[in-house]
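*Asks:* So you can see what is in the structure, the chains are spelled out below.
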Amino acid sequence: MAIRANPRLVEELEHYGAEDVAKCYHCGNCSAVCPFSREPFLFPRKSMRYLQMGLEEKLLGNLEPWLCYYCGECSEECPREAEPGETMMSMRRWLTSRYDFTGISKLFYRSWKAELAAILLVALLTGAGFLLFGFRWGGGHLGVYAGEGAFLTTGAVHVFDWILGCVLAAFLGINCARMWWFSIGKDRTLRIPPLAYLRQAFLLPVHFFTQKRYAECGKKRPWAIHLALMLSYTTMLVLIMFFLHAMHSERTVWAAHGFGYLATIGLLGTSIYALRGRIRKEETHYKHSHETDWIFLILLVFVAGTGILQNVLYRVFHLDVAANVVYVVHMMGVVPMLGLEVPFSKWAHLAYRPLAMYFSELQAEAIRERERAVAAAGAPLPA
Amino acid sequence: MEDRRIGVYVCNCGTNIAKVVDCDAVSDFAKKLPGVAVARSYKYMCSNPGQEMIIQDIRELSLDRVVVAACSPRMHEPTFRKALQTAGINPYFLEMANIREQCSWVHDDARAATDKALALAHAAVRRVVHHEPLEKRFVDMCPATLVLGGGIAGLTAALELSDAGQPVFLVEKDDHLGGNLARVDLTAPYLDSARDMLADRIRRVLESPKIEVLLRSTLQSLSGFVGNFRAEIRVGADGARTVDVGSVLVATGFREFDARRIEHYGYGRLPNVVTSFELERMLREGRILTRGGRVPKYFAMIHCVGSRNPEYHGYCSRVCCMTALKYGHEIKSALPGAYVYDLYIDMHAFGKGCEDFYRRTAEMKTMFLMYAKGTTPEIVPSGPDDDCEMLIKVHEVLSGEEIEVPADLVVLMVGMEAREDAADVAHLVSISQDKDGWFIESHPKLDPVATTTEGVFIAGTCQAPKGIPGSVAQAEAAAARILGKISRGKIEVDAVFAEVDETRCSGCRMCNELCPYAAIEYDAATKRSRVISAVCKACGCCVAACPSGAIQGRHFTDRQIFSQIEGVLEWASSQG
Amino acid sequence: MPEKKLQIALYWGAACGGCDVAVLDTNEFVIGVGFLVDIRLWPIAADGKYRDVEAMADGELDCTLFHGAIRNSENEHLAKLLRRKSKVLVALGSCAHLGGIPGLANQVTKQEILERVYLDNPSIEAGNRVVPLPSTRVDAGELEIPRFYRRVYRLDDVVPVDYYVPGCPPAPEQVKAALQALVNGTLPPARSVIGASNRTVCDDCRRRKEEKKVTRFHRPWEILQDPDRCLMEQGILCAGSATRSGCGVRCPDSGMPCRGCYGPAPNVIDQGAKFVSAVSSIVDSKDPREIERILGDIPDILGYAYRFGLPASLLQRSIR
Amino acid sequence: MGFEPRIVGFLCNWCSYTGADLAGTARIHYAPNVRVIRVMCSARVDPTFVVKALAEGADGVLICGCHPGDCHYSEGNYKAMRRFPLLGRLLRDYGIEEDRVRLEWVSASEGKRFAEIVDDMTERVRRLGPSRVKTLLEADRVER
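Chains as they are written, first to last, in the working numbering: chain A, 1 to 383; chain B, 1 to 576; chain C, 1 to 320; chain D, 1 to 144.
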């Protein structure tokens, strides 16, 4: 059964940053230099091809964009300047928007104004909510940052965080399930025994925490930066979700705050490094920046900056009022960042990428199994 | 004959010959042959000292024939002929024995190789005895040129020649000038208008007092030889002209491949399958519509229609890829919402500006779909829900997928092929065609516009598929070659040709039809055949065929070849 | 007018006698010759024994006209004897000149000939297996007959020949011209062909010659021929283009193709090979199978190409 | 030493002779039994050359020209092709084995092919043994 080509897809992907894919003439240099590209996932050339031809179904089930860490070597070697690295990046954005069942992601990726407006709206609502809470329902005082009578009580914020976290996890979980369905669930020709899911499940934490595939890239620095950012972020997430009391206590709890400072340095350092990189455009993977990349980084710097600022205001200068104000402002950043960016935008790759590693391993195994079966049956291998 | 004074020179070619062939044995053997005055073996005969040795011997020992046993005569025959000339004897008094390419390089048994070298040297000595002095001759050159074909190549050459003040007869079969280019809208890769290019040239041709344009005309016969051709031209339905010209330029162009031959493309049957030339017409008229009068949205260019397919033509037609890309540009500029696909085998984007053009077309999001050589895309009807006229199914090589694309207008990029009358033209002007029907140039690299018939040149797509720059360059090159001949005023006639001994010819006319160059004339009054030496290329076909032995091929006479036969065998038999 | 009558002999080797008739066909001229010469030997017309010839002094004869090929020891013996006795030896007619019709026997072996003639022949009585032997013992003593050679030679193969008068038979006018030259002492340089032209039969042939392209060969009786057009162009294998002229175009004029009896043109060393070259050259096809088919119409090419000159060809005989 | 065939080769200047030169340039080794005589075109090869060579003692004759359709002189090789069947029949009538005379097409780029043809021909002629033509002619010779 022939697959229908859709000449419009390549136009659509332009909104996601794939501006140069049409230049590709399939010399295959990109796949040749890519340290990850190996059977049965020979990317980025083949993904580029699917995109050029508008084979939407093929692309949707394609995990290859997630296997790419954008070291940029392909783009550097490309004789046509077709930017395969950036194209893979764009396909990740597109896939994110297609995994998302709400359509919000699509809206964000196609319109940075919409995203910005949503962020601002959520920020304002958050700000208004916390102010209302602080002044009317919490019973605290603006002059108290922590402890008894605090403007924003730890318990309330904690509950809020968990509610937000659960909602996000639900969104993200549904999207991840869709990702599974598109890539390996739907394909009837792939037989994946349930045990295999269990056997390979270790891949998820391994890839999540080590990003070891990234380490296989020829360039080590981007991996180190990325790992630092990710670990800092995770550390901070753990601190907030589980140790918010310690973080928000009157005295400095070094066991928690020590990690907090480290994570802050990590977050600020890496995101400022990334911002600087994107402004200078010296490294290949920083040459092209989608609006969402900027929004993401600015939010990150903003959140990390306000996070540390409230801490410093309170703990160094004992300026409770200022710290509380900054706390509200910090939350105005945190909520849109977590609430919008994680399920609907760039942050989602935190979940998708390790999932893709996991799914792709299952997929590869199933493909090998299928080929063995076909070979055993004596039929010619599919072209 | 026995009082010849022959010098035999055996070249060692460094060790190239000497390491297998005993060169001293060859020269010692040659010394004993009748008529041999001197025989020497030397390291490099072609070197200056080597040539000096020959020259000195000729002068001091009064040699009158020279044998050089060395490399292939195809390599150094001119070198040694020149040495003979320098020494003051006729250059044709030389014979070479090829003991390198056809001996030392291909045999490792030293004895067998030396035996063979001896036989070849012997044959050369036997042959050279019968060599005759040959002289180059000169005939007058008529300055007029006959240009066949009024396409871009013919127009260009005509202008080039007339600008130099030389008369031109421009013969065009159609009722207008311009040829195939007149059917084209814009040209790749710079998107210049073909009309503008042509209009200026045609105007200048028509205004030139030196060019006589003969429309609706065809060449009927061509007789004579370089510098002195006579052409009979039929003008219109019943007019006739006879013109005397010194050179002929064939620029008869190509015809497009008949797309009907590939049946499953449905050309002629499916309403919206058109050829590239039909799309050109739509573009020129500025009205691109389906047969049903709808503005098409999806355009599919199928490349290599008739080209690069052993069933039709194995060669590449060279211009279709860029033309298809050009359609991408033209269509998208006329219909910005349209989608364009190129179904191709390979993208041939050689030529100045072409790779860049390809890139720019790609950037316009033209969809390139590669199909495998030997396969063909398939055109099928669209379904009721489709917003297109047809679907094209293709096994897309770069993805490995079977895909289908919607299409409203399928454009078949028909290749170039030799014109249906190419064989007649070739016959009329005595030039050759290759297996595809293209006219053959004298040398594919070093002599690309001359032909094996002296004074007949070729330019443009009658020689091989090519684009406008190639055609124009060839036309100008041919014009330059012709002007060169005109400026010398005389034509040098090669000294080697066949000649009829009129005292022996009986006018049987056996030879008349054999000459591929029509160099043999029959004089009905005297009942004798005659070889026009300027036209003769010395193939020797008529010599071999002449049953009365009245034709002799200079430098390849029966006597000379018999001596060689005797030479290679007599020696061999004497050695057992 | 010479003071002394010329002494001449006419002798024959393997011959049919047609050349003798050709001499007689000079009609009253031969009578005139009779006044000028003494015919010392002419087996067909005058008496004369071997011993008379043997008795002659060397060079006593002014001229011997020898016709017929050399087939056996007697032919050779007499050729050599007459050579010695003659100042001038003329090979008269195709057999002496080229080997002639008897020369076609060079396609087969002596054994095959003897078997065909004496053993395997419908005209031989069953059981009769008498074969001639070179010598036979009879009561009177040993009888010898000439030895039959392995092959046929032309005269030139066994003795040096001074002049050749070609033709089978030579045209009477040419015989006349040769005799006249002899009597008048106006013979050309030795070893030349006399009584013939330097061109080929086509030169004298009245038939119209146009385009030579043949797609089908015919035997003369197979088609209605155009009497004015070149036979070759009509697909009739005519050897005229490869044959020395001088005959007066007798065959083509009477609707038959030239068979080549006057031998090759002066510059040609092998008449048959040249004829093959010319004939195949005008075949109008480029397709190997079609060429084979067209040329397949020609039967017995060796016999055609060398009807009168197999012993004079480069290969001279079959090697089977 | 066994029988070494003596073969005369007639090679057209433009394809076959160039092809034979190419075999040399490429150092493709082949049997040394063919002695080459260069002619401008295979159409120059008069059947007389072939019988002359055989009469002079050649054990074989090889004629090489351009491939049909590729003749430097347009169609000279077709004329060589036309002459060959009749010449072949003539030689057969003379009792000369078919393998002794051969017509082949060798282009200027077919050095390897030329070498293979020479090797093959040499082998075939070697199997036939020496030609008897010259021996018989000499044995037949009569003292004049």
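These are calculated hints, taken from the structure and not from any lab test.
There could be a bad hint or two in this list.
Cut-off 25 Å, straight-line C-alpha distance, at most; resulting in silico cross-link-like pairs (DSS-like, lysine-lysine) [claimed, not checked]:
#, chain 1, residue 1, chain 2, residue 2
1, A, 281, A, 113
2, B, 445, D, 112
3, C, 110, D, 134
4, C, 213, C, 286
5, B, 527, C, 213
6, B, 31, B, 19
7, C, 110, C, 49
8, A, 113, A, 219
9, A, 58, B, 445
10, B, 435, D, 134
11, C, 5, B, 435
12, C, 213, B, 435
13, D, 134, B, 19
*Asks:* Run through the hints listed earlier and report the numbers of any the structure violates, in increasing order.
*Replies:* 7, 8, 9, 10, 11, 13
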